[in-house]
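A.B. asks: Using the sequences plus the hints, can you model the full thing?
Residue numbers (numbering that gives the first Met the number 0), protein chains in the order written: chain A, 0 to 168; chain B, 0 to 126.
Hint data in this document are derived by calculation from the structure and do not stem from the laboratory.
Careful: at least some of the hints might be erroneous.
To be verified - Label-pair ranges, simulated between beta-carbon atoms:
hint	chain 1	residue 1	chain 2	residue 2	range
1	A	Glu146	B	Ala98	40 to 50 Å
2	B	Val124	A	Ala74	14 to 24 Å
3	A	Ser77	B	His90	32 to 42 Å
4	A	Gln73	B	Leu23	15 to 25 Å
To be verified - Among the chain B residues that face chain A by a calculated CB cut under 7 Å, a handful are:
hint	residue
5	Met13
6	Arg19
7	Thr86
8	Asp87
9	Gly103
10	Lys107
11	Pro108
For each residue, glycine too, the CB sits at the ideal point set by N, CA and C.
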Amino acid sequence: MIENSLSHALRAATNDVLERMFFIECLSELPEFVPEPVVVARLTFDGDPAGELELKISASAARSVSADFLGTDQADISEQEIYDVVCELANMICGSVLSRVESTATFRLSTPRIMDSTRDIANLSEVVASASAPFPEVGDSVVQAVELGSGRLVVSMHTETPKWPLVPR
Amino acid sequence: MAYRVLIVDDSPAMRSFVRRVMLLSGFELSECFEAGDGSEALHLLRREWVDAILTDINMPGVDGEEFLRLLAADDVLRSIPAIVISTDATHNRISRLMALGARGYITKPFVPETLRAELEATLGVPL
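C.D. replies: Right, dumping it as C-alpha cells:
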C-alpha cells in the first residue's frame with residue numbers, strides 16, 4: 000500500500016505517543032469517525048509547513064487516557080485535568096509529526112486549546128463530532144482514527160503545502 | 000544520593016507526568032519543584048537550590064529559550080544543569096538550545112528509562 004509521507008508520519012506519531020507516554024496500544028485503525036460525545040482540541044503551527052492539527056477523542060477515552068497519563072483513578076480526575084491531558088496529547092502528536100516530516104526545518108506550535116463547544120464536559124452527550132470548523136480545502140489534509148478500547152481517537156492534520164511525497168506503507 | 004529537581008512546564012498535566020515518570024524510572028528524587036514558565040522558575044531558584052532543571056520550550060511568558068539565556072547570564076544559576084523536554088526534535092532547534100546552554104535534550108514521546116538516563120548522565124551519576 001502507498002500513502003503520502005504526512006499520513007505515514009501522523010500514524011507513526013500517534014501510535015508512538017500513545018504507547019510511550021500513555022502506555023496504550025492502539026487496537027485497530029478505523030475507517031471513519033462515528034458521531035459521539037467527544038472532546039476536541041486544536042492547535043496551529045508556523046514554519047515550513049504551516050498548518051493546524053485537530054484531535055477528537057471520545058469523552059470516555061479522554062477520561063481513561065487522562066487517568067493513565069496522570070497515574071490516578073478515573074473517578075478522581077477533574078474536567079480541567081482531562082482538558083490539560085488532551086491538549087498535551089495534541090501537542091505531542093503534532094510536534095512528533097512535524098519532527099518526522101521536516102527534521103531540518105524549524106517550527107513553532109501554538110498552545111493547544113479545547114474547542115468551546117466541549118467546555119462543559121457534563122453536557123458532552125449533546126456534542127457531536129462536527130463540533131469544530133472544517134479545514135480549508137487548499138493544501139494537504141490527513142486523518143488518523145484509532146480504537147483505544149475505552150473509545151476512539153481521531154487526529155486530523157492540515158498543512159498549507161500541497162501533497163507530500165508518496166512512501167510505501 | 001537523592002536529587003532535587005525543578006520541572007518547568009506550562010502544562011500541569013505534563014509536570015505531573017514528568018514527576019511520576021522520574022519516580023517510576025527509579026531515579027533517586029528527594030524533592031521536586033514545579034514552575035509554569037521561566038519567570039516563575041527563576042523566582043523559585045532564588046530561594047531553592049536544585050541539582051537539575053527539566054524545562055519545556057513552548058511556554059507563555061518567559062519561554063524555554065529565554066529561560067536558558069537568563070540562566071546562562073546568572074553567575075550563580077548557570078551551574079545548574081538544564082535538560083530540555085520538547086516535542087520538537089528538529090536539528091535546528093536542538094542545536095540552538097544546546098548552544099544556549101542546555102546540557103541535555105529529551106524528545107517527547109519518551110520512555111521512563113530515557114528520562115532517568117539523561118538525568119543521571121547530566122548529573123554524573125555513576126552507573
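A.B. asks: Evaluate each hint against the coordinates.
C.D. replies: Each hint tested on the structure:
{"no.": "1", "hint": "Glu146(A) to Ala98(B): 40 to 50 Å", "result": "holds, 43 Å"}
{"no.": "2", "hint": "Val124(B) to Ala74(A): 14 to 24 Å", "result": "violated, 38 Å"}
{"no.": "3", "hint": "Ser77(A) to His90(B): 32 to 42 Å", "result": "holds, 39 Å"}
{"no.": "4", "hint": "Gln73(A) to Leu23(B): 15 to 25 Å", "result": "holds, 19 Å"}
{"no.": "5", "hint": "Met13", "result": "holds, 5 Å"}
{"no.": "6", "hint": "Arg19", "result": "holds, 5 Å"}
{"no.": "7", "hint": "Thr86", "result": "holds, 2 Å"}
{"no.": "8", "hint": "Asp87", "result": "holds, 6 Å"}
{"no.": "9", "hint": "Gly103", "result": "violated, 17 Å"}
{"no.": "10", "hint": "Lys107", "result": "holds, 5 Å"}
{"no.": "11", "hint": "Pro108", "result": "holds, 4 Å"}
The structure fails hints 2 and 9 (numbered hints given earlier, in ascending order).
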